[in-house]
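Q: Spelled out from the first residue to the last, the chains are:
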Amino acid sequence: MATSLDAAEGLSHRPPGRPARAARLRLSGLFWRHSWAKALLLLAPPLLAFILVYLASLAALFISSFWTIDPFTSELKHVWNVDNYRTLWQTGAYHSIALRTIGIAAAVTLTDAILAFPLGYFMARIASGRSRAFIFVAVLLPLWSSYLVRVYIWRLILDDKGVLNWALEKVGLPAANLGYSNWAVWLIFTYVWLPFMILPVYGALERIPDSYIEASRDLGAGGWTTFRRVLLPLALPGVVAGSIFTFSLTLGDYVTPLLAGGASSQFIGNVVYDAINTQQTPFAAAFAAVPLAVMGVYLLIARKLGAFEAL
Amino acid sequence: MIRIRRAHVLAAAFAAALCVPAVSAGSGSGLPTSVGPGEGQLNLIAWEGYTQPQWVKPFEKATGCQVHAKYAGSSDEMVTLMRQGGGTQYDGVSASGDASLRLIYGHDVAAVNPALIPDWKNFIPALKSPPHNTVKGVHYGISLQWGPNTLLYNTKLVKPAPTSWSSIYSPKYKGKVTVPDNPIQIADAALYLSKAQPSLKITDPYELTSTQFNAAINLLKKQKPLIKKYWALASDEIDLFKNGDAVIGASWPYQTNTLQAAKVPVKDEIPKEGATGWADTWMISAHAKHPNCMYKWIAWVSTPKVQAQQAIYFGETPANPKACPIMNKLSPGSAAQYHCGASASYFNSIKFWKTPIATCDNGQNACMDYTKWQQAWTQLKG
Numbered sequence: 001m002a003t004s005l006d007a008a009e010g011l012s013h014r015p016p017g018r019p020a021r022a023a024r025l026r027l028s029g030l031f032w033r034h035s036w037a038k039a040l041l042l043l044a045p046p047l048l049a050f051i052l053v054y055l056a057s058l059a060a061l062f063i064s065s066f067w068t069i070d071p072f073t074s075e076l077k078h079v080w081n082v083d084n085y086r087t088l089w090q091t092g093a094y095h096s097i098a099l100r101t102i103g104i105a106a107a108v109t110l111t112d113a114i115l116a117f118p119l120g121y122f123m124a125r126i127a128s129g130r131s132r133a134f135i136f137v138a139v140l141l142p143l144w145s146s147y148l149v150r151v152y153i154w155r156l157i158l159d160d161k162g163v164l165n166w167a168l169e170k171v172g173l174p175a176a177n178l179g180y181s182n183w184a185v186w187l188i189f190t191y192v193w194l195p196f197m198i199l200p201v202y203g204a205l206e207r208i209p210d211s212y213i214e215a216s217r218d219l220g221a222g223g224w225t226t227f228r229r230v231l232l233p234l235a236l237p238g239v240v241a242g243s244i245f246t247f248s249l250t251l252g253d254y255v256t257p258l259l260a261g262g263a264s265s266q267f268i269g270n271v272v273y274d275a276i277n278t279q280q281t282p283f284a285a286a287f288a289a290v291p292l293a294v295m296g297v298y299l300l301i302a303r304k305l306g307a308f309e310a311l
Numbered sequence: 001m002i003r004i005r006r007a008h009v010l011a012a013a014f015a016a017a018l019c020v021p022a023v024s025a026g027s028g029s030g031l032p033t034s035v036g037p038g039e040g041q042l043n044l045i046a047w048e049g050y051t052q053p054q055w056v057k058p059f060e061k062a063t064g065c066q067v068h069a070k071y072a073g074s075s076d077e078m079v080t081l082m083r084q085g086g087g088t089q090y091d092g093v094s095a096s097g098d099a100s101l102r103l104i105y106g107h108d109v110a111a112v113n114p115a116l117i118p119d120w121k122n123f124i125p126a127l128k129s130p131p132h133n134t135v136k137g138v139h140y141g142i143s144l145q146w147g148p149n150t151l152l153y154n155t156k157l158v159k160p161a162p163t164s165w166s167s168i169y170s171p172k173y174k175g176k177v178t179v180p181d182n183p184i185q186i187a188d189a190a191l192y193l194s195k196a197q198p199s200l201k202i203t204d205p206y207e208l209t210s211t212q213f214n215a216a217i218n219l220l221k222k223q224k225p226l227i228k229k230y231w232a233l234a235s236d237e238i239d240l241f242k243n244g245d246a247v248i249g250a251s252w253p254y255q256t257n258t259l260q261a262a263k264v265p266v267k268d269e270i271p272k273e274g275a276t277g278w279a280d281t282w283m284i285s286a287h288a289k290h291p292n293c294m295y296k297w298i299a300w301v302s303t304p305k306v307q308a309q310q311a312i313y314f315g316e317t318p319a320n321p322k323a324c325p326i327m328n329k330l331s332p333g334s335a336a337q338y339h340c341g342a343s344a345s346y347f348n349s350i351k352f353w354k355t356p357i358a359t360c361d362n363g364q365n366a367c368m369d370y371t372k373w374q375q376a377w378t379q380l381k382g
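Going down the list, the protein sequences come from chains B and P. Mapping to the working numbering: the first sequence position 61 is 61, numbers consecutive. Mapping to the working numbering: the second sequence position 299 is 299, numbers consecutive.
Please note that a few of the clues may not be correct.
As the list claims (entries may be wrong) - Partner residues are not named here, just some residues of chain P that face chain B (Cβ under 8 Å, in silico):
id, residue
1, D76
2, R83
3, N243
4, G244
5, E273
6, K381
7, G382
These are computed hints drawn from the structure, not numbers from a lab. Note that CB positions come from ideal geometry on N, CA and C, so glycine has one too.
Just chain B, same shape as in the assembly:
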């Protein structure tokens, strides 16, 4: 009590009852003199969360993939070994599951890019303000409904007595029989991740100045040449940025293959899910490391192509 009175005495030229303000001023002075301290204070909570929640869990995943499970009691045995990776390497079924996952993810990405480019182009360069807003809403609206609902809706469309076969029959075509197959999985993924491709492509196309295209035309380039040598190279970072989403989201999914897949539609995620359900956590961790490695390589390539500037 006495010391605080003394302190108030020392600051007698200031109005009484302001020690809190003085402390605040001192603190802001400190931050002004040492700008790194301010940055540290601001970044500490998200950084801590990032390291603890994000990176630490990835590290835990990676480490546990080198352990094993006692098959009898399901207890984790902390014995270092590479048996899980050896099983993955030596079993043909896991190769085909990994290849299927990566292959469908790549196919979905390609399809989405082909679909998104003309739409993004129309939105960025042709549509008026109103129709652009309308298309925006139309693109984003499906994201407001549950992912699960959309997968089930596609199941209804594609199944044997579904809307698709009904429509084909009406126009006299044979039934498509796409339901419960890898085609269905590809189609549904293409649909659900399309908005994640359209937005970055639109952003990249919008940033291309009109003058570039005019210049290309003035120099005698036709529409195709302009597209190939001006538009596409400038929009490519946007496409690659979108592909990071479509590729990684497909790579990590297991719900669509489970619900809409056929007899041979297992994804890496399905095997991981089954393995966790049967307490083979280390094996699940090992298989989960595969998409992680694939994504790492993919991101390196994407960086080379300039995708991160377009994000």
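Add chain P to chain B, keeping to what the hints say.
A: Just chain P now, with coordinates in the frame of chain B:
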């Protein structure tokens, strides 16, 4: 006098001998001899439909035990849930035979004293001490309900009506077949082979030597191109039949009921080779925090009325045949529909799910354990 004293000593010695198990019961390894007052709470892992308000609410009122149920979708999930957090999170589980032995050998569940379940003595003889919940004479749970895995088919599109499991292995219905996405499905293939290929000498579809196991896997590999989808949820199979994607497949009576109620022309049957089936058991966690409430719960669901309610709700057969007349009262004809109080020969025609373990019945270590089944199933689907 001396004689009397001797008798006293003898009696005291006898009492002391009895005391040893009584003391160990106190420390948790022996059997309880009475059910104390409820602890107020009860945490259960159950199949969906096993903890319906119509019989849970009166139980809570009568015992003061508040029921918190977590539904599990598969036997594997049940085992995982029972083991998580050191096994203290849940008091009990409605385990099927393919989970119960895993839980017993993993020391996840406690021995149970059937004398504390008044209705147990009324159960059909086959479900009093079945091998899937009683090991070396020790009970690790009380049977609940059972039912067969049936052959379900569309009566308009599958003609003539199938009589054999061969119909889901023959190319006649290629692309229109569905079977459960479950490693235990290997037993269905083995059951069919036990009749179709007697030279394999399969006597128990859950105890397979590597030759027998490989034969079953080869049959399933040949079946794979015929499969529309391996169904994971009962609702998946219902959708497949409703929408015409499947016309024949392995099923449970529950799907038949639901589809028939939706006016889909389906029928189910037990083919001439017999069928696999499930028999569920309420088991008590070895680390249960509310064991008294759990005993009260098992006693409650064993009573004829609750047995009947659950049998009709889920479409299965009660372990307690006293439920049969109540079933007919609740829903006329339901007792016969679900084979309530079925004959021993019907019961014996069903090969109930049990966990495959490495030790065969003859004591040799030549059988394929469940880990191998799981691996083979994953690779089959691959």
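Q: Each hint: holds or not?
A: So, going through the hints one by one against the coordinates:
1. Below 8 Å, beta-carbon pairs count as interface contacts, and D76 of chain P has one with chain B at about 5 Å; its hint therefore holds.
2. Interface restraint check: R83 of chain P against chain B, minimum CB-CB distance 6 Å, threshold 8 Å, status holds.
3. Because the beta carbon of N243 of chain P sits about 4 Å from the nearest beta carbon in chain B, less than 8 Å, this interface hint is met.
4. Because the closest C-beta pair between G244 of chain P and chain B is about 4 Å apart, less than 8 Å, the hint holds.
5. The criterion of a C-beta within 8 Å of any C-beta in chain B is not met by E273 of chain P, whose closest approach is roughly 23 Å, and the hint is violated.
6. Hint status for K381 of chain P: holds, given a least beta-carbon distance of 5 Å to chain B, under 8 Å.
7. At a threshold of 8 Å, the smallest CB-CB gap from G382 of chain P to chain B is about 3 Å, leaving the interface hint in force.
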